[in-house]
Amino acid sequence: MTLNSAEEMAALEFSAVVTAHRPQIFRFLLASTRDMDLAETLTQECFLKAHRNWASFRGESTAMTWLMRIAINLQKDHWRNRRMQFWRHTRTNSVDLDEASDWLPSGESSAEQRVLAHERVGQVWKSVDGLSERQRTVFLLRYVEELELSEIARATGLNEGTVKAHLSRALARVRAELGGKR
Amino acid sequence: MNSNKQFDARTNEPHWSEAEATDALVLDPVLEETLEDFRLSVFAWSDAAYTRARQSVAEAPRHRVWRLAMGWALGCVLLAGGFSAGVFEHHENQARLAAQAREAEHQRQLAAARASAMARDEEDILAKVDSDVAREVPTAMEPLAQLMTGDETQ
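As you go down the protein sequences, you meet chains A and B in turn.
Numbering of the first sequence is given in my numbering, commencing with residue 1 and proceeding in unit increments.
Numbering of the second sequence is given in my numbering, commencing with residue 1 and proceeding in unit increments.
Only chain A is shown next, with the shape it has when bound in the complex:
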């Protein structure tokens, strides 16, 4: 295989990875930040970084896990950046919890069930808002992205036991919030 065709193959592969995983990375970042513009920016940065390092991707984990790890690190860097401290505190672009819980798909459920579901989803958002950064990441990866514990461990760089502990604490908060309002 010539060098050019190898590069073309790599470019095609990367393009397929972007098409397949971009919505998922965006969704995770949106749920983490509740800020559409920030999620879009971080998604772009994530794929830019992935493109630069695509040659070093060995396929030891899935492309999704690898991308998620980049996204998690970008998100951490973003909030840790001292220049962004002001935004961290004000979160002016973040939608509020009520607005976030407005997005319920209108299924076959009755109006009453939808109201109840809306209320419960709002409570989950409230719990998620109160979680530590790590707990929130683990919670969203498990219950929104439906990753296995082993995949979450690889994406976050934690061991499975720690992931399980963070997830348990996050669930305890959600249970407490739902139980308190019931």
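Hints may contain errors.
The following residues of chain B were derived to be distant from chain A, with all beta-carbon distances above 12 angstroms [to be verified]: (1) E18; (2) E33; (3) F38; (4) R67; (5) N93; (6) I125; (7) P143.
Derived DEER-like restraints, expressed as beta-carbon distance ranges [what the hints assert, rightly or not]: (8) A:G130 x B:E32: 18 to 28 angstroms; (9) B:D47 x A:S56: 28 to 38 angstroms; (10) A:G59 x B:A19: 43 to 53 angstroms; (11) A:D102 x B:E32: 16 to 26 angstroms; (12) A:W79 x B:E18: 23 to 33 angstroms; (13) B:T51 x A:T162: 50 to 60 angstroms; (14) B:V30 x A:W79: 44 to 54 angstroms; (15) B:V77 x A:W54: 12 to 22 angstroms; (16) B:E32 x A:E8: 27 to 37 angstroms; (17) A:R52 x B:L78: 34 to 44 angstroms.
Rather than coming from a laboratory, the hints here were simulated on the basis of the structure.
Don't be surprised by glycine CBs; every beta carbon is placed ideally from N, CA and C.
Guided by the hints, dock chain B onto chain A, whose structure is given.
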């Protein structure tokens, strides 16, 4: 959870054993349904936001083309304006210089006419004085002057 559970001094959260953590991950039906609703709501929100983000990215080049065209048009107008102003200024300067040259020439001609008029007046006066002086003859020389006049007529 038992009552003598230990708490993390930093986070004030309970320490979880492996078995407790595993137990805590078992979901009751209500929680399972709630988490499923939460997941679907995040999906719905994300899909809507993703479409919006894609649209704004797709619209961006059109805006850029418009901005570029407007920039070029404005640039051309400014260039044409600057060029016209330069040409106008140049013409104005030329006209001013021509007017100044005409005025100077006119002044020079007037001065020359005045000088020649003055010179003519002076010559006339001198000639008149000469002729007056020449024709005035003292009384004692009158007979001699008449003789000269008689000679001239002859």
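Are there hints from earlier that the structure breaks, and if so, what are their numbers?
Hints 1, 2, 3, 10, 13, 14, 15, 16 contradicted; others consistent.
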